[in-house]
Every structure is written in structure tokens, then in C-alpha cells.
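S.K.: Here is how the chains run, residue by residue.
Number of protein chains: 2
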Amino acid sequence: MNTRKLSHIIKVASGELPADIVIRNCRIVDPISQTISEGSIAVYGGFIVGIGDYHGEKEIDGEGRYAVSGFIDAHVHIESAMCTPEAYGEMVIPLGTTTVVADPHEIANVKGIDGLQFMINSARRSPLKAHFMAPSCVPAVDFENSGAVLDSESIESLLGEKSILGLGEMMNGPGVYGTQEQVLEKLSAAINAGKPIDGHAPGLSGKLLNAYRVGGITTDHECTTPEEVRARLKRGMYVLLRQGSAAQDLEKLLPAVTKANSRRCAFCSDDKHAGDILRHGHINHNVKIAVKAGVDVFSAIAMATINAAECYRLKNTGLIAPGYLADIVLFDDLENFDAQMVFINGQLVAQGGKALFPVSNRVDKAVTHSVNIAPVTEKILQVPLKTSQAKVISLHSHSLVTDCVTRTVAVKNGAFAFDSAVPVQKLVVVERHRATGKIGCALIENYGVTEGAVATTVAHDSHNLVVAGDNDRDILLALQELEHQGGGLTLVHRGKVVDTVALPIAGIMSDTSAFEVSKGVDHLTELAHNLLGINRNIDPFMSLSFLCLPVIPHIKLTPEGLFNVDSFSFTDCNG
Amino acid sequence: MNTRKLSHIIKVASGELPADIVIRNCRIVDPISQTISEGSIAVYGGFIVGIGDYHGEKEIDGEGRYAVSGFIDAHVHIESAMCTPEAYGEMVIPLGTTTVVADPHEIANVKGIDGLQFMINSARRSPLKAHFMAPSCVPAVDFENSGAVLDSESIESLLGEKSILGLGEMMNGPGVYGTQEQVLEKLSAAINAGKPIDGHAPGLSGKLLNAYRVGGITTDHECTTPEEVRARLKRGMYVLLRQGSAAQDLEKLLPAVTKANSRRCAFCSDDKHAGDILRHGHINHNVKIAVKAGVDVFSAIAMATINAAECYRLKNTGLIAPGYLADIVLFDDLENFDAQMVFINGQLVAQGGKALFPVSNRVDKAVTHSVNIAPVTEKILQVPLKTSQAKVISLHSHSLVTDCVTRTVAVKNGAFAFDSAVPVQKLVVVERHRATGKIGCALIENYGVTEGAVATTVAHDSHNLVVAGDNDRDILLALQELEHQGGGLTLVHRGKVVDTVALPIAGIMSDTSAFEVSKGVDHLTELAHNLLGINRNIDPFMSLSFLCLPVIPHIKLTPEGLFNVDSFSFTDCNG
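Which chain is which? The protein sequence lines are A and B, in order. Numbering-wise, UniProt numbering puts 166 at position 166 of the first sequence, and it's gapless, one number per residue. Numbering-wise, UniProt numbering puts 253 at position 253 of the second sequence, and it's gapless, one number per residue.
This is chain A alone, in the form it adopts within the complex (with noise of 0.2 angstroms):
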């Protein structure tokens, strides 16, 4: 701020000098002095310098709607989106949301920094107002087959820098209370640059979780009851309240936010599909659950901009007020929470439910081609087995969570055999990164792919080609499109390739919009259901994502071979 944009600007406040622009006839909420005022909003340079009896260059009607500071989302991984940060900045900020606080580990899982810096310069090409964090944990864990390690030196060296905002969330809960010398060298890294720590503690309590916070982690936003929330809270963190597409956990957390409490606590969707921003909202969403359920409309819209600012100490954010940045939502109403006008910076950014902003969606060549695979044969893809008792991988209705279990299947030279009589599939995990050959073949029950193959190359963390089908022919040749298209989703039917969304970025990301992506996965996901079998209460999709992923329970496929969970070892498929 020189002094020349400073003068100026107070003199805009004091009525001296007209402002940019004014909106006026508003209701304007105040969710720290809870009240509702009318009148008229001055902006000048982007910041809010007054309320009350302005003129500006250009006036703009609010039409007596709610004024609300713009919404953040505290903790997010665009890329699950499927779509670049300048796309999702299409598709939430007409829907209310005028700045993110993201984690790309995702990408960065798949193209380290380079992935991080496209997701800073996409963001750039955007107004959303997005804030990166420094992925903790990429590879998830140490012997993931990742694209990309990002170490205690890389970590430090990414804190050092302005633009990111903090240490990305620290999911190696045992590397943190188990002192971990690589974790603690993260962690102290950010501690001394004085920047915040997101945490994910699903479940942990009592002394572990006193243990990870005085790791210095600040928040958390994997509750998923009351009780956890509590005993965050009491521990001086934050709760980041979660809804997104798998864990929609906001409205059985309520019941722990009290008037009092909400000052810590966030809203955030942390994994979220374009669909189900589409279909659903993205913060707005979250603040109409909360109103609904009986929050007061006060708190409900602090924790979606004043408290989320305050927690990662965004600058001037958070309140419609003289100092802050111009970032404004207009509500016909407090209970739906439909944008009809957004403002970012004082320019109106979106109206109606559209994005007013060019968006180009550009690609950098940096982070495309990113599957790079091993020549693969029917051969490699065979399940050896001692006996027809086969450990099975089984899927559960609407939960990421599978179980081991023991079934009688077909074996032919010493291997798992196709057998229309056994509801069994097979489950394939290719290492995509650097063609090392990796690959981890497996069996699984209740996905219900017939006559086919479904894959993808968005499989968490460490994003390897996962393909599950009932005939080697299909799965081959499913694998041979998604290393064709660099990476999508993709649907394999009696020898013909049906339909594919093409993800060239990292393998994870469209370089089309959000409502682009949106549509082929809903098409792509209908013909999953209908044409291929796949059980209605999974989705098929975001099934195989997590079934690569070695820290849900209880077992999981790898690169390198079946994952019990629980023992935290590698295992074979023979029961």
C-alpha cells in the first residue's frame, strides 16, 4: 500500500472523493455485531471504505437484497473437482464462494512443485481468491509409488515463500506423536515461518491427539461427531466442518456449535465433485444445512468468512465493513443462500448463477503427459493362487471403507480364472508415473462390473491407473485408452472402448469447465450403472479412487501388492 492509494482511499471514506463504485439499497450482515443494516456499500481500489451516504462513478441497485461478505472455503483439494483451479473459480464463485484455502495435494502427488506452481498460475488466471498450502504428505505414505516426494527441504523451501500460506494437512498422524524425524523437520519448518498447520485427525483422542497438536497443527477437518469436534475445540484448534461428495459430515457435527464455540469453527468441502457443487452449492451449501438445522444465521455465515479468515489469517477478509477487501454476495434471502451478485475486489464477478470472466483454461505443458506406464500383457495381469480360497476385497453400499474376505473362486495354472458362476472381479493397479512395471492385481466383490472394464487415473493419493473388470481383454484395453488419452476416466465394454473423460492434466484434471467435466462423468456414471453392472449404491468412479488409497480400512491395492490396513503390511491374495 503506497500512500498515494492510501490517501485516496481515505479520502473516498470521508466523501472528499467519490468511489469507484457503490451499491446501494442493501441489507447489510454483520455476523460479529449480529445485526442487519440498511444502506449503501462504498468501494474504492478494491477495498470497502464505508457504509452509509456515498456516490461513486458507477452505482449498482443491491434491490434490498443481504449483503454478506463473500464465502471461503477453508480446506479443499480442487483437483477433485476434476477441473483447474481457473474452471472451479467458474463453477463456486457464483455460487457465493470468493476464496479457497487449497491443498493441491493431488497434484502435487503426480507433479510436485511444478504441479503446485500450475495450480498457483491457473488460480492466478482466475479471480477466486485461492490460497495454497504446502502438501504435508506427498507420498502419503513411504512406500507409495507417488509421481512426485516432497521432502522436509522442499517443504521448507515452499514455506519460505509468500504465496503459500501454510503446511498442507499433515495426515501422518503416527509420523507426527511417533516423532518422525522427516514429519517434525515439516512441522518445525512451519512453526518458525509462523504459518498454520491443517491437520486430519479422524478418530484420534486423549494424549495422541494432545501429541498431534502440540506438533503445532491448528486445525482439523475430519470430525465426524459431536464429540470429536468438542475435544478439538478444548484443545485450542479449529474445526473445519465438512461437507463434500464421500463424507458429508456438517450436519451430524452441528449439535457441538454453540453461539460461543463458532468462532472456531470453518466451513470447508475439502473433497468435492464438479456434479455435486453443481447439483448442490459449495460453502453456500454448507451455510443453508446449517441455518436449516438451526444455527443462528449469524454464526452460520462467520464460519463461512470472518472465522475461516481469522484461522489462516487472510488480510482485510471476512466482513463487509470499512478496511476490508470489496469481496460481497448478494442473497435474495437468508435460507438458500442463491448468489444473485458476486463481487470480488469491488468488480461484480458473477450474477444469476454466471461467472461475468473470460476463463482459458490454459494447460501447461509441465504437467501433461503424465502417464507413463510399462508394457502390460494379459500375462502380468494374473492373480496367482495357492488354492480356490482367494482373499476378496469387499466393497461396501456408499463408504470407502472394504473388508477381507475369503471366497471360493475358480483357479486355472495357478491363478484366479473368470467365472460368470462367482461374483469376483479383478482389481488392477498400474504405477503410472515413471514405468517402473508395478503393478498390483487383486480381487474384489460387490463392484459388479460385467462384460467390461472401468478405469482411472484419479486414484489417491498417489494417483496410479486403476482399472477393475471381469475380462483381461477389457482391462487391457481400458488401460491402453487412459494411457492414450494421459489420464481420464473411462469405460470398457465387450472389446470397445464406450466412453471416456479425458483428464490430460496430471491425469487428474479436465482442461475443459466444470460443467463439462460434470456432464461426461454423469454420462460416463450412467452408463457405468446401466450398460456395465456396477452396483447403484457405489460409485464407480470414486470407488476405485479410494481402493488404491494404503490409510482407510481395512484393505487396499497397490503397485506393490495386496495392503492390509490394519497390520499396516503387504499381503497376497491367496486365502
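Derived from the structure by calculation, the hints contain no laboratory data. Check before you lean on any hint, since a few could be wrong.
As the list claims (entries may be wrong) - Mimicking SDA-like on lysine to any residue, the simulated pairs with C-alpha atoms at most 25 angstroms apart in a straight line are:
id	chain 1	residue 1	chain 2	residue 2
1	B	11	A	551
2	B	315	A	310
3	A	379	A	310
Based on the hints, put chain B in the right spot on chain A.
M.R.: For chain B alone, coordinates are given in the frame of chain A:
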């Protein structure tokens, strides 16, 4: 934080290693969750590591007392207690204050950066956590004869230092909303350093308050009505509720404070004499008043702790929770707030109202010998008058505001003459920093000094030497006494110095304890009323201290002459 210490802290939290100290059997007050839980607090390396079943090298019985996070004075001029930061710590820590945000603008007016450095050094010798703001208005107004000037370059350089928390109270409101370049340079420097700026905006409202606010100012401690509190909260500011010696605003302001908006309120003392602190308390007094007035105890405690910490971004401060610094106070009850035990960084530093640490009260030559005056004779003390009609500064009971009245006085040789029949005395202000010989002489009423003189070198904000008396001989003697002592407070009666409290540090602070200062000042005050006949509704020294501050209505005296605050111009004594 290095990884070795972090590792140890985590291991203590997880119960693997013993704590340094465990305070057992406490009722722990959490103002965020608004709960009181029984338990033990474990401390390691200065941090709270957990609440629960812990063991420590040392275990202390809390005897069922309430454990509250250490109190924070959000805005204080330590110099007003007329003792060093070290001595101040000795006084306030046993009362439950563990942290202060100090604006050393009194000593800065006398000794500039040297004075500030002395304060920082003295505070470092105390367990008290004193954070210092860079004084923004030295001198208070351009034409003041202060001992030092802090221009915008000095301020920018100070704000670049890690030890400087922000920019101290911006008293020059007209300079802000009038966009004076030097003022804007100071504000910009703080904004660009990302540091908070304290406000001082008595009575400001509407667009001028907006203009002041957008100058980057984030707090105000000068509210005297609930409306002023609400107006500032609506502008996204913090309000610091003051209970000082002269300004006892707290109770009047509390009707504006709600459970929701209190998160943006904190407590301060601003200017509070040692005697008042010892008689009534420090921040514990604010808390007591608030609770007595019906503020819920959790909000009251939050205002004394976490809110102030958030306002000034004090790291890991303000809650009893793992990861926070172990600044803990044990109280018998939550009504009287008499601190029984006080811990700072986990060390027991006070018990039963007594400090448990040594106090050196070390003095630095850079801040002594500050009284430098040109020779003064009786002739110089004359007040020229054209007629017997004279302007007289009229003092009010219990107020710093003065009126300008016209009185008929005795005149001899074209100058004011003392006349026992006319209750008008003389007020003299001598520039005492650079021996410039500048001297202001004027007339006062309602002060009531008889057969003597009262003098002080504590005189806001420039701290020149001010004397009131009813004869020139005693006035001269009082001047000489304070010159000889290097500053202080003195009483002269019938040609003799009755008693003096020496304030050798910058002429405003003692090198003894706060207790001795308080005793000395109490004794002098008693003598002033009893022996010299000073009006009992007027504080003999504080009233003099403010008679030279040309920013308080309506008429004041500076070494440049009589000053009409309303017209903001100099005048003479002719009525």
C-alpha cells in the same frame, strides 16, 4: 522450534516422557468451549502439552482452584505507573497479568529510540511478556517541545524489527483523515509490514470514522459510550475496554458488549497509576467489573485473554490448551479474581500476591539526566496583562477538560500580581529537554495551591516541567528541586521543599519499586491537599500532567504559550 524440542514436547504430550511440571487438581476454564473441567495441566518447555492424567518432574497442587489463561493488558503506557517495566511486572504479575501490549510513547517523547530500547531491555529482565508498539505520535502535535521526534523513517525502521508488534495509537486523527503525508507514511509502513495499528478516536463517528479506519487502524481504546463501541465493532475494529486511573470507562461500555460481539473486545488499562493498580487491581479489575455487571464469566475471561491475543496475533497465547504457552493463573473464585498462583511459561512466578522473582530496576545512563533547563528568574515568570481582565484556565473536578474563563485579577507593572483576595494562581511550563529557555506562564483557578508550589516533570505528552504556585519564590524553588533531582514530583511550602518523589528515568519513572512509588505519591498527594490546600476533587499531580496536553479541550499551556484547543491556535492571557 527445533525438531529436538518439538520431539520432546510431543513425547511428553503422548505420555511417553514426564512433564516438567504438572499442576494437579484444577478447574480449567475454557472461554471458547465455555466449559470448566476438572483436571491436571501438564507443562513442558514452557508450553502446555496436555490436560489429563500426566506425571511431572514437579507436581503442584492446584487445590481445586480455577485455572485461567494469564491476563493480557491490550494497551498500556507502563510509564504512567511511574516505574520501570521490570518494576511494573513485579506489581502486575501477582495480580494475574502475564502479558502487556505496551506503547512506550511517554518515554519516547523524552528519549526517543533510546527510551524505547530502555523499556524493551527492562522488560526483558522481567518474566512479564511485554510486547512493544512503535509510538506513532512523538511529539503529539507538530509544535510540541518534546525531547525527541520519531519521524516516519524511524517508524518504518522500528516496524521492520521483529521485537516491535505494531504501530502505537494514532492520536493524530486529523492527520489521518486529512491525509498528512508523514502520517500516511507511518500507516503505510505498518500496513506493509503486516502489523496492527492501534487507534485513538474519541468521539469520532460516521464518515470520518470510516476514513480513520481505512487508514489501516484496527483498534480503539478511547470509547466512552456504548454507541461508540458499537460503531467501531461495525467497522471491523477491536474495541479495548479501558479501566485506567483518569479514564474509568469500562462499566459504561458494557451494555454494548454481547456474547457474540465480545470476540472483538479486549481489556486495557491505558494509563493507570501504581497506587490505583495496587488498590483496585489491574486487568483482573476489568474482569471483576465486567462479571459484576452481568457479563458472562467466559466472555469476560475471553476479553482478558484470547481476544487480546487474537487482536495482536500473539502466538500460542490466551488459552489453557495444548500447544499454548503455559501462562496460567489460579483463582479461588470467578468473582473477585484474586490471583493465588501465577505461572509464566510454566514457571511459578507469583504466589499469594507476591512476585517470586528478583527485580534489578537497573537504570541506563541513556535515559537519566533528562532535565535540562535554561536559567529561570522571577522576571521570566511574569504574565503580562494589558488590563485587569485576564484569561484563566479553569479546572474541573475529576476531569481533564478545562474551560477558558475571564477573571478580574490584580495587575502590577503590566503583569499579573498575586493577590490573596483573588483565587487565581500561576501555572508555568518550562521546556526541559534542550534548555531552549522556552517557557509558558499562565493563570489557573480551582487548583487551590496556598503558600507554595507543586511541580512535576510528568506532563503529557512532552513531559516538560510544569509548576503551579501562588508565589514566584516557591515556584522557582520547585523548578530547581526537580532540576536537581533529574525529574520527579515535588511540593514546596513557604520557601522549603516539603517532599519529592524522584523520577530519574527520563523524569517520568522511578528507579525504585512500584510499591515505593505508590507510597511516595500517596504521601505527596496527602500533603498537597492537607498542607498546600489543593482542591480535594482534583488530583494534584495528574491534573498538572494534563494541563500541557494541547489535544484535550479547551485551553492548555505549552512552553510556546497559552493554547486554545478549540481554535487550535496560540493566544495570550489578556481577557
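S.K.: Hint by hint, say whether it matches the structure.
M.R.: Structure-based check of all given hints:
1. B:11 x A:551: holds (23 angstroms)
2. B:315 x A:310: With a Cα-Cα distance of about 13 angstroms, the restraint between residue 315 of chain B and residue 310 of chain A holds, given a limit of 25 angstroms.
3. A:379 x A:310: Given pair residue 379 of chain A, residue 310 of chain A is violated - Cα atoms ~56 angstroms apart, limit 25 angstroms.
Hint compliance for this structure: hint 3 alone is broken.
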